[in-house]
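Colleague: Spelled out from the first residue to the last, the chains are:
There are 2 protein chains.
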Amino acid sequence: MSLNLAIIGPGLVGSEFISQVAKTPYIKLIAIANSTRMLLHQTGTSATTWKADLTASQTATDLKALIDHAAARQPCVVVDCTSSEAVATSYPEWLDKGLHVVTPNKKAFSGDLGLWKKITENKKSLVYHESTVGAGLPILSTLKDLVETGDEIVRIEGIFSGTLSYIFNNFSSTAGSSGQFSKTVTVAKELGYTEPDPRDDLNGMDVARKVVILGRVAGIDLDLSTLPVENIVPEALRGVPTADEFMSKLPTFDDHFEQLNQAALKENSVLRYVGLVDPNGNSSVKLMKYPASHPFASLKGSDNIIAFTTKRFPNPLIVQGAGAGAAVTAFGMFADVLKIARILGLAK
Amino acid sequence: MSLNLAIIGPGLVGSEFISQVAKTPYIKLIAIANSTRMLLHQTGTSATTWKADLTASQTATDLKALIDHAAARQPCVVVDCTSSEAVATSYPEWLDKGLHVVTPNKKAFSGDLGLWKKITENKKSLVYHESTVGAGLPILSTLKDLVETGDEIVRIEGIFSGTLSYIFNNFSSTAGSSGQFSKTVTVAKELGYTEPDPRDDLNGMDVARKVVILGRVAGIDLDLSTLPVENIVPEALRGVPTADEFMSKLPTFDDHFEQLNQAALKENSVLRYVGLVDPNGNSSVKLMKYPASHPFASLKGSDNIIAFTTKRFPNPLIVQGAGAGAAVTAFGMFADVLKIARILGLAK
Chain A
1 MSLNLAIIGP GLVGSEFISQ VAKTPYIKLI AIANSTRMLL HQTGTSATTW
51 KADLTASQTA TDLKALIDHA AARQPCVVVD CTSSEAVATS YPEWLDKGLH
101 VVTPNKKAFS GDLGLWKKIT ENKKSLVYHE STVGAGLPIL STLKDLVETG
151 DEIVRIEGIF SGTLSYIFNN FSSTAGSSGQ FSKTVTVAKE LGYTEPDPRD
201 DLNGMDVARK VVILGRVAGI DLDLSTLPVE NIVPEALRGV PTADEFMSKL
251 PTFDDHFEQL NQAALKENSV LRYVGLVDPN GNSSVKLMKY PASHPFASLK
301 GSDNIIAFTT KRFPNPLIVQ GAGAGAAVTA FGMFADVLKI ARILGLAK
Chain B
1 MSLNLAIIGP GLVGSEFISQ VAKTPYIKLI AIANSTRMLL HQTGTSATTW
51 KADLTASQTA TDLKALIDHA AARQPCVVVD CTSSEAVATS YPEWLDKGLH
101 VVTPNKKAFS GDLGLWKKIT ENKKSLVYHE STVGAGLPIL STLKDLVETG
151 DEIVRIEGIF SGTLSYIFNN FSSTAGSSGQ FSKTVTVAKE LGYTEPDPRD
201 DLNGMDVARK VVILGRVAGI DLDLSTLPVE NIVPEALRGV PTADEFMSKL
251 PTFDDHFEQL NQAALKENSV LRYVGLVDPN GNSSVKLMKY PASHPFASLK
301 GSDNIIAFTT KRFPNPLIVQ GAGAGAAVTA FGMFADVLKI ARILGLAK
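Sequence order for the protein chains is A and B.
Under the UniProt record's numbering, the first residue of the first sequence is numbered 1, with each subsequent residue one higher.
Under the UniProt record's numbering, the first residue of the second sequence is numbered 1, with each subsequent residue one higher.
Isolated chain A, as found in the complex (with noise of 0.2 Å):
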């Protein structure tokens, strides 16, 4: 038996996976749709030609074909490469057909509630979001092992962000002050490390959906309107029409950020950017100090840090590593499709 992929948004990530999945035997790929166009085939499309094949597609991209074809050649998972809302909210329905899904788009877990509720209290079919929470390295799945086996959650602590990971790693070390902050995000810029707009990580926005979906597979309802989510893009350059003008005034406020990195410094201590699960309810998104003998003092490059204090772990069981990028994303993804390999009996 073989294991039908329909993949939907083939962008970097989704060209990744399936280079990645390409040698597995049983896999397949069934269906693979961009906006415009889309793939479907029988037996499996040819993943060195997938490309060339979907330029050439005369069929325009219709979901709803896709998912009906997907439902006739099961197993099947679809793998949801999109970060698209709309998309996401189709989860339940393709569930209900028997769908499994796998995906690192963070919609469907850290938005509406109600959908996250259907999502998880379907009983038919799986549902693997790994790369949501620090691309491929075993967040939430460690998470789930914890939870599942009756560890109380204490705190849940962690660098969400390869971003702002880069730059306050940069900007605040107990090595002294490193320059000028505006200068620390135009490098992050230059290095492709932000969004077009930088505000869209520093606004914490990020940071907040991974601390909903953390907190939920913890079993507590966050939710993204009445999470604490600290906003470090100074409140006067939140109007400016252009990332241009954004980073043209930013210098601006150099002082004000130097001031705080000075105030770490004197405590011996460095600036994080933090996402904080609590099960007592006070969980939160936010700019903080850590001492340098703290493990999230010491992170380098852009790498990702959670710390997970349960009662089983008093000293927090720490997973670190680079929580971004196409190649550790698509690991994320492919160990998640292995997992209902597994689980279908389709592998060991």
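I should point out that these hints are in silico values taken from the structure, not numbers from a laboratory.
Where a beta carbon is used, it is the ideal one built from N, C-alpha and C, also for glycine.
Any given hint could turn out to be false.
[Claimed, not checked] In silico lysine-lysine, DSS-like type, Cα no more than 30 Å apart, as pairs:
#1 B:Lys123 x A:Lys348
#2 B:Lys286 x B:Lys183
#3 A:Lys300 x B:Lys23
#4 A:Lys339 x A:Lys117
#5 A:Lys117 x B:Lys23
[Stated by the list, open to error] Example chain A residues on the side facing chain B (calculated, C-beta under 7 Å, incomplete):
#6 Asp145
#7 Phe253
#8 Ser298
#9 Gly301
#10 Ala322
#11 Ala335
#12 Ile343
Use these hints to put chain B onto chain A, whose structure you have.
Modeller: Structure of chain B alone, referenced to chain A:
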């Protein structure tokens, strides 16, 4: 349907395991055996009275009878909580009968290579042994995911002994020398962190077994008899007959360890006792120096830490936390049982 468990060797870890799994509705304890007595139940013994019941049992332990009982009540997981090589040697026979195995016993996975191959080549049954390396830390599951998704292992490096972690974290820190080596070992012994004879930790064989297991899961046929292992017990003390005599003579070698420590400090580094898996044939277990900025240098307490450097994670994926103790070892075993339950369709 229920998942039956047959438990062999319910000591500290096994008792904790039973109390952790007790609340799972679909799990039934159908057999428990210690070295002298056993309890065989048709439908599940009580998780609250099993200790008294076992003490009162009139049935002498007979592993063959226990396995026959288990084989007649499938699906069943045999949970080997012993550290016995003889018990481990029986796994292939159990697997042939359709029984699954979960265990923290390292013997089957670090001993005879033929036994390892027999176990991994079985197609019928499931074998999980997360707790053989780093207890419940997600180490083997992560390595398995990396390997099975086609990542390339560049190196695996870690501190795998809670005892040696504690000793060197305390003896060697960039904050400066913190006293004699023999004193650190004495404190570790008094805290119950060492084996009754601390030479059983200092000889590196426990770390070596973990390196062999990691290597084999990574696809390298490591063998205890050929792996270079640095025994840090001074040669003159290896033959002294008792642990007490060893401890009383250890201070004679404080200068030796202090010189190693000072040499590391001169390079702003610390000493750590490390296991290394190297696909290029240079796997080893030895005392190494790490610069102050390395994650191994800031390790605290008796934590384990492991760094997977791979093609996809050129900056390593790191897992850190308690790698010993009944609660976390039982957690790793319970998580393994849950994986089996999912594959058998008993849990989601």
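Colleague: Each hint: holds or not?
Modeller: Hint check:
no., hint, in the structure
1, B:Lys123 x A:Lys348, "8 Å, holds"
2, B:Lys286 x B:Lys183, "21 Å, holds"
3, A:Lys300 x B:Lys23, "42 Å, violated"
4, A:Lys339 x A:Lys117, "22 Å, holds"
5, A:Lys117 x B:Lys23, "24 Å, holds"
6, Asp145, "4 Å, holds"
7, Phe253, "30 Å, violated"
8, Ser298, "6 Å, holds"
9, Gly301, "6 Å, holds"
10, Ala322, "6 Å, holds"
11, Ala335, "4 Å, holds"
12, Ile343, "6 Å, holds"
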